[in-house]
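**Student:** Modelling step: build the complete structure from the supplied sequences, incorporating the hints.
One letter stands for each residue in the lines below.
2 protein chains.
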Amino acid sequence: MEALSRPIINHRGAEFHRFYEQLIEKAKKLFTTEGDVVILSSSGTGGVEAAVQNLIRPGDKAVVPVFGEFSERLADLLEFAGGSAVRVAAAYGDAPSIAEIEDTFRRNKDAKALFVVYNETSTGVAFRQLKQAGEIASANGAFFVVDAISNFAGDELPVDHYGVDICITGSQKCLAAPPGLALLSIGRRARKSIEENRRSSLYFDISRYLRYLERKETPFTPCLPLFYALDEAINMIFEEGLANRIVRHKRCSDALYEAFEILGLQLFAKRQVRSTTVIAVEQPENVSGKQFRETLDEKFGISVAGGFAELSDKLFRVGCMGQVNREHVLSTLAAISSALSMLGFENPKEAALGAAEEKLKGL
Amino acid sequence: MEALSRPIINHRGAEFHRFYEQLIEKAKKLFTTEGDVVILSSSGTGGVEAAVQNLIRPGDKAVVPVFGEFSERLADLLEFAGGSAVRVAAAYGDAPSIAEIEDTFRRNKDAKALFVVYNETSTGVAFRQLKQAGEIASANGAFFVVDAISNFAGDELPVDHYGVDICITGSQKCLAAPPGLALLSIGRRARKSIEENRRSSLYFDISRYLRYLERKETPFTPCLPLFYALDEAINMIFEEGLANRIVRHKRCSDALYEAFEILGLQLFAKRQVRSTTVIAVEQPENVSGKQFRETLDEKFGISVAGGFAELSDKLFRVGCMGQVNREHVLSTLAAISSALSMLGFENPKEAALGAAEEKLKGL
Numbered sequence: 001m002e003a004l005s006r007p008i009i010n011h012r013g014a015e016f017h018r019f020y021e022q023l024i025e026k027a028k029k030l031f032t033t034e035g036d037v038v039i040l041s042s043s044g045t046g047g048v049e050a051a052v053q054n055l056i057r058p059g060d061k062a063v064v065p066v067f068g069e070f071s072e073r074l075a076d077l078l079e080f081a082g083g084s085a086v087r088v089a090a091a092y093g094d095a096p097s098i099a100e101i102e103d104t105f106r107r108n109k110d111a112k113a114l115f116v117v118y119n120e121t122s123t124g125v126a127f128r129q130l131k132q133a134g135e136i137a138s139a140n141g142a143f144f145v146v147d148a149i150s151n152f153a154g155d156e157l158p159v160d161h162y163g164v165d166i167c168i169t170g171s172q173k174c175l176a177a178p179p180g181l182a183l184l185s186i187g188r189r190a191r192k193s194i195e196e197n198r199r200s201s202l203y204f205d206i207s208r209y210l211r212y213l214e215r216k217e218t219p220f221t222p223c224l225p226l227f228y229a230l231d232e233a234i235n236m237i238f239e240e241g242l243a244n245r246i247v248r249h250k251r252c253s254d255a256l257y258e259a260f261e262i263l264g265l266q267l268f269a270k271r272q273v274r275s276t277t278v279i280a281v282e283q284p285e286n287v288s289g290k291q292f293r294e295t296l297d298e299k300f301g302i303s304v305a306g307g308f309a310e311l312s313d314k315l316f317r318v319g320c321m322g323q324v325n326r327e328h329v330l331s332t333l334a335a336i337s338s339a340l341s342m343l344g345f346e347n348p349k350e351a352a353l354g355a356a357e358e359k360l361k362g363l
Numbered sequence: 001m002e003a004l005s006r007p008i009i010n011h012r013g014a015e016f017h018r019f020y021e022q023l024i025e026k027a028k029k030l031f032t033t034e035g036d037v038v039i040l041s042s043s044g045t046g047g048v049e050a051a052v053q054n055l056i057r058p059g060d061k062a063v064v065p066v067f068g069e070f071s072e073r074l075a076d077l078l079e080f081a082g083g084s085a086v087r088v089a090a091a092y093g094d095a096p097s098i099a100e101i102e103d104t105f106r107r108n109k110d111a112k113a114l115f116v117v118y119n120e121t122s123t124g125v126a127f128r129q130l131k132q133a134g135e136i137a138s139a140n141g142a143f144f145v146v147d148a149i150s151n152f153a154g155d156e157l158p159v160d161h162y163g164v165d166i167c168i169t170g171s172q173k174c175l176a177a178p179p180g181l182a183l184l185s186i187g188r189r190a191r192k193s194i195e196e197n198r199r200s201s202l203y204f205d206i207s208r209y210l211r212y213l214e215r216k217e218t219p220f221t222p223c224l225p226l227f228y229a230l231d232e233a234i235n236m237i238f239e240e241g242l243a244n245r246i247v248r249h250k251r252c253s254d255a256l257y258e259a260f261e262i263l264g265l266q267l268f269a270k271r272q273v274r275s276t277t278v279i280a281v282e283q284p285e286n287v288s289g290k291q292f293r294e295t296l297d298e299k300f301g302i303s304v305a306g307g308f309a310e311l312s313d314k315l316f317r318v319g320c321m322g323q324v325n326r327e328h329v330l331s332t333l334a335a336i337s338s339a340l341s342m343l344g345f346e347n348p349k350e351a352a353l354g355a356a357e358e359k360l361k362g363l
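Chains as they are written, first to last, in our numbering: chain H, 1 to 363; chain P, 1 to 363.
By construction, these hints were calculated from the structure, which means they are not laboratory data. Zero decoy hints are in this set.
Since the list gives no way to pick out one identical chain from another, each pair is judged satisfied if it fits inside one copy or across any two copies.
Restricting the straight-line Cα-Cα distance to at most 25 Å, the calculated cross-link-like pairs of lysine-lysine (DSS-like) are: (1) 216 with 290; (2) 314 with 216; (3) 26 with 216; (4) 61 with 109.
**Tutor:** Structure representation (structure tokens):
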């Protein structure tokens, strides 16, 4: 928050050049890539749209596991760009298997790319077999694009090691900066293809961002306050250590999952695909979702989200990302337990908190 | 700057709804429009691209006065969207006449729109006959779109009164907030056409922003710190009064123009089309532009821009926008005069400052 209000400088001047160059170097380290990183002044969706529009030409086919709102949106974006999306669907709460993806490629040898949402914010499901998915894409000569908006830097994602050609994230999730920027890692192979494509958007023309990167500038006026905040957020990640940060997310989410089960709640995501950054819980039948969320907000100052679209009152979702820590987890659990009791859903608060404390030991 | 660091709130919650609703109402008042206003988390260029992509379908023809870098870019954007740009060119430093635009419409009866850059940042030229241009567009049943990025709220632009269907501006120019947002006013007729068009971009789909406006939300995560800063910036504009603000810009630019002439410098823009927000001055032949700008920056802490592209070392451009005031004008003039002297261009500093003070009296 403090970094946001550093003075606005000329984004075509030497001071910006020095700042931007070191920011991009740090971002590359965070993505663990030898490729390039571009930063767009847009939301994460803008970043996903940029990846799609720069890689996919009309007629191109792309395979997309679809298992929630954001992977649906990704498939729509592919079709917006004139591509055809080969959807590999799974029931909400689960993710498609590697075998299904492999099979889809067998039936679509001409697929140009595999686009995967790593963490489905809408259902609290993570696609856990990214490395294998990358191998399938590679074996089929397809690009591998990962939308990691809601778990990048909170979950494992060594970009080059996993064979990811383009990885997209947003500033406001696990990077823990305010919302406003999209970051994209661009591997060498993707860069070549992007530079050869004709694009329909100027603002999302990645080849232009890559060209301007050489002179340490952005093609259009950058959202400077957010650039400053991102810079500070990345510094804070390196101070903690990326590996420690990932462990912290895992342990906080483990504590939440365990405690929710003790409270007598049903978890929405299947055990093996549970997200470590968004915890989706089924709303108890006798407690109105809207009333529950309002009680939490008004009495305890804690915001949880409902489900998306038709799941709106069937789920509540708890964020477990960014600066999430022991106190956040315990106070959130205590508030949820109390709110449920107030609305007539009795639950063993002490047992749940005790189990969570056990999982959080030393954190 | 202080507003930037207000707490990040849930952009799907009641607190955001209240905030966003009043922000949009204030923005409408600023645009003096009965139409809608949408705010995009992008640079101004993103806003121009959105206007083009939402209004222009492949094959559509649009008339564009071209008299500098940004109007060239606008014509390019029209062609990116599959439209055909009918360029009405003027020499840099001047703007096309109303007669030329009228004549172009006579020869292109099927033109769907007139796109005008109000203030050419690259050459310091303002297109001064907006109202008449709007009448021509209207008489030809064409949409009238105005890119007012670098002078909106610093120069006259009563949107509805001038018949402007879409007006675009950015947060960082005369609104005097940090960079990061584009604002677009959307008139009723434009709204209808936009809602009927199929768009190629999701992020820049204005009809989606208009739909979400009804529930007081943005379709994608907004760049919240910038929304806060914009809100505060608009409050500050109303505190000053929009009319007073426009007079302040005019008087500060009058002072700069007069003083530069006294210093013996040539002004780049013709008198009748001079911008009140960007003052373009010809670089004296014996003074290197690069050295001049560096001297100003290093010795006096004052940044001026060079020219664009091939004009890079032929011009320097002085910003006269946002919070610009008497002290800014006088200290900038004094620094420019001293820097020129240091680089061997003798000039009458006292006379220039005296003339500027005269123009600024009472400000």
